[in-house]
Amino acid sequence: MPLDSININRGKIAEKNNGERFKRYSYSEDGVSPRAFPGTPGLEHIAASDEHDEYGDLVSDALSGIGKYVEVRKKMHGKRMSKIESMLKNESIFVPKVRDENSDYFFVCFGSTTDQVIEATEMLKSRGKKFGVISFNYLMPLDKEKTKKILKGKKLIDVECNFTAQLAQVIMANTGIEIPNRILRYDGEVITSAEIVESALGMIDKF
Amino acid sequence: MSQVVEKTGSEMKVNYGSKTKPIWCPGCGDFGVQASIIKALKDLQIEKSNVVLVSGIGCSSAMPHTFSTYGLHSLHGRILPVATGIKLANNSLTVIGTGGDGDGYGIGSGHFVHACRRNVDITYIVMTNETYGLTTGQAAPTALVGTKTKSTPFGVIEQPINPIALAISAGATYVARGFSGDPVHLSELIKNGIKHKGFALIDTFSPCVTFNHTNTFDWFRRRVYKLEEEGHDSSDISRAFDKSMEDFKSNYEKMPIGLFYKTERPTYEDLDISLKDGPLLNQPLPGKEEIKKAIEENI
Numbered sequence: 001m002p003l004d005s006i007n008i009n010r011g012k013i014a015e016k017n018n019g020e021r022f023k024r025y026s027y028s029e030d031g032v033s034p035r036a037f038p039g040t041p042g043l044e045h046i047a048a049s050d051e052h053d054e055y056g057d058l059v060s061d062a063l064s065g066i067g068k069y070v071e072v073r074k075k076m077h078g079k080r081m082s083k084i085e086s087m088l089k090n091e092s093i094f095v096p097k098v099r100d101e102n103s104d105y106f107f108v109c110f111g112s113t114t115d116q117v118i119e120a121t122e123m124l125k126s127r128g129k130k131f132g133v134i135s136f137n138y139l140m141p142l143d144k145e146k147t148k149k150i151l152k153g154k155k156l157i158d159v160e161c162n163f164t165a166q167l168a169q170v171i172m173a174n175t176g177i178e179i180p181n182r183i184l185r186y187d188g189e190v191i192t193s194a195e196i197v198e199s200a201l202g203m204i205d206k207f
Numbered sequence: 208m209s210q211v212v213e214k215t216g217s218e219m220k221v222n223y224g225s226k227t228k229p230i231w232c233p234g235c236g237d238f239g240v241q242a243s244i245i246k247a248l249k250d251l252q253i254e255k256s257n258v259v260l261v262s263g264i265g266c267s268s269a270m271p272h273t274f275s276t277y278g279l280h281s282l283h284g285r286i287l288p289v290a291t292g293i294k295l296a297n298n299s300l301t302v303i304g305t306g307g308d309g310d311g312y313g314i315g316s317g318h319f320v321h322a323c324r325r326n327v328d329i330t331y332i333v334m335t336n337e338t339y340g341l342t343t344g345q346a347a348p349t350a351l352v353g354t355k356t357k358s359t360p361f362g363v364i365e366q367p368i369n370p371i372a373l374a375i376s377a378g379a380t381y382v383a384r385g386f387s388g389d390p391v392h393l394s395e396l397i398k399n400g401i402k403h404k405g406f407a408l409i410d411t412f413s414p415c416v417t418f419n420h421t422n423t424f425d426w427f428r429r430r431v432y433k434l435e436e437e438g439h440d441s442s443d444i445s446r447a448f449d450k451s452m453e454d455f456k457s458n459y460e461k462m463p464i465g466l467f468y469k470t471e472r473p474t475y476e477d478l479d480i481s482l483k484d485g486p487l488l489n490q491p492l493p494g495k496e497e498i499k500k501a502i503e504e505n506i
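Just so you know, the sequences run in chain order A and B. Going by this note's numbering, the residue at position 55 of the first sequence is 55; the numbering climbs one at a time, nothing skipped. Going by this note's numbering, the residue at position 179 of the second sequence is 386; the numbering climbs one at a time, nothing skipped.
Treat the hints loosely; a few may be bogus.
Simulated DEER-style distance windows between Cβ atoms [to be verified]:
hint	chain 1	residue 1	chain 2	residue 2	range
1	A	Gly153	B	His321	50 to 56 angstroms
2	B	Lys255	A	Lys149	26 to 32 angstroms
3	A	Ile93	B	Ser358	45 to 51 angstroms
4	B	Gly224	A	Met81	31 to 37 angstroms
5	B	Gln366	A	Ile66	53 to 59 angstroms
6	B	Gly353	A	Asn162	45 to 51 angstroms
7	A	Ser28	B	Ile506	46 to 52 angstroms
8	A	Met81	B	Asp477	39 to 45 angstroms
9	B	Leu487	A	Lys154	45 to 51 angstroms
10	A	Phe163	B	Ile502	34 to 40 angstroms
11	B	Asp477	A	Met172	53 to 59 angstroms
12	B	Gly485	A	Lys149	48 to 54 angstroms
Distance condition first, Cα-Cα at most 25 angstroms in a straight line; then the derived PhoX-like pairs of lysine-lysine [as the list claims (entries may be wrong)]:
hint	chain 1	residue 1	chain 2	residue 2
13	B	Lys228	A	Lys68
14	A	Lys23	B	Lys255
15	B	Lys495	A	Lys12
16	B	Lys226	A	Lys75
17	A	Lys75	B	Lys228
18	B	Lys255	A	Lys12
19	A	Lys16	B	Lys495
20	B	Lys255	A	Lys68
Think of the hints as simulated: they come from the structure by calculation, not from any bench. All C-beta atoms in this analysis are idealised placements derived from N, C-alpha and C, irrespective of residue type, glycine included.
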């Protein structure tokens, strides 16, 4: 990644608070509340791990089961989860990357397997077969609709280094698209491009 | 501890306490510890906004909620990695860990040993009650052999942890033990722990009045005595080890409190070159050209 393309965004930072008690977890549209750095006068607060209200005060233990606090818990959990919606709305990175859009077949893969898969497509090209690559960088959050559009109607081969085809299962769960053609290696060794080529050539007749 | 000015008398107007009601049972040892921390902060006149209390999970880990300073209520057993991170991000802060013996010596025991070695300038107050009170009374790693609890109906069959000996051997530079039943003495230990430059452990007997009917306030009162009244030399590591074994050797009949061991050596912050220009928080990020240069030079 070129260095110039990296931008540091520190997000919302709280300003002075006019003597009011600082609400570290204030409700907000996008689910993100302004934060404060310890050491800043006037913004003292508790960063809590248990479920809490807008101030960071706990709503667990003795307050469990009391209607008012049950509502707080529901609202605070909803607020946190709305960050995922905000991420999907504001960022375009939560979809798989497609390499060689106009190919006849596509390998589906993630992580360190991707390099060998790309190498395999180049070897297949020299044999006259057009293979592209659809590689996943993010699984959660995942833009389900866009991912579905990318995968739909394509001839797919799943390449993974595990027994149960975990990626194919996540894809199935999120998009409803099943990838029955799978190249799986699960002996703990790295999958090689030669192996992928050989297996893929044996599979293309099935489509 | 950096940048503290000790003042005498009650010049301090700051109220370190918060309006949040503690979750503790009436009579809990943790009230005495809370009062001792507040007294230590008042005596040292530390700015409220420069104090960060870090806790784990448990009754005693509710401590930061009863303060109006900065606080971080973290995960079970993770006080020390979180506190270390805060201190390294901004070493001008006064970072105090507050948690229980189950949290610190059980779940967090790996972190505990390495925090001692690292000698980061934080103060760690462990409220020892030999039980997991929040989950209604299972044996903690400090429970004595034979103690019957919900999780040990036939009595504990494992040896208890000796946090004092463990801390000294792992390299902690300030190792003390207090008693919630003597908050004046305890607050002095905490105060000196905060002032000490390096990792300070203050193990504190803080009885659980609800789930531990063995190690009660009275039980401790009959057993504790003060090291300073006996003229203990806290700079002598061999004497410190000897004293740390007294609980065991006396079959838990004589249990010393006070300062076991204190020594001076450079803190982690002193030795980490990335902090040589001051707290990380105040250091500007390098520009893209500087990053490029660093990558080219080093990779």
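The hints, checked one at a time:
1. Gly153/A to His321/B: 50 to 56 angstroms: Holds, at about 54 angstroms.
2. Lys255/B to Lys149/A: 26 to 32 angstroms: Hint violated: Cβ distance 54 angstroms, outside 26 to 32 angstroms.
3. Ile93/A to Ser358/B: 45 to 51 angstroms: Cβ of Ile93/A to Cβ of Ser358/B: about 47 angstroms, so the range 45 to 51 angstroms holds.
4. Gly224/B to Met81/A: 31 to 37 angstroms: At 34 angstroms between Cβs, range holds.
5. Gln366/B to Ile66/A: 53 to 59 angstroms: Roughly 43 angstroms apart at Cβ, these two residues miss the hinted range, so it is violated.
6. Gly353/B to Asn162/A: 45 to 51 angstroms: 48 angstroms, holds
7. Ser28/A to Ile506/B: 46 to 52 angstroms: The hint (46 to 52 angstroms, Cβ to Cβ) is violated, given that Ser28/A and Ile506/B are roughly 40 angstroms apart.
8. Met81/A to Asp477/B: 39 to 45 angstroms: 43 angstroms, holds
9. Leu487/B to Lys154/A: 45 to 51 angstroms: 48 angstroms, holds
10. Phe163/A to Ile502/B: 34 to 40 angstroms: 39 angstroms, holds
11. Asp477/B to Met172/A: 53 to 59 angstroms: 55 angstroms, holds
12. Gly485/B to Lys149/A: 48 to 54 angstroms: Between Gly485/B and Lys149/A, where Cβ atoms are some 51 angstroms apart, the hint holds.
13. Lys228/B to Lys68/A: 17 angstroms, holds
14. Lys23/A to Lys255/B: 17 angstroms, holds
15. Lys495/B to Lys12/A: Holds, at roughly 23 angstroms.
16. Lys226/B to Lys75/A: Cα-Cα ~23 angstroms, so holds.
17. Lys75/A to Lys228/B: The hint holds at about 23 angstroms.
18. Lys255/B to Lys12/A: Judged against 25 angstroms, a Cα distance of about 23 angstroms means the pair holds.
19. Lys16/A to Lys495/B: 31 angstroms, violated
20. Lys255/B to Lys68/A: Since the Cα atoms of Lys255/B and Lys68/A sit roughly 31 angstroms apart, the hinted pair is violated (cutoff 25 angstroms).
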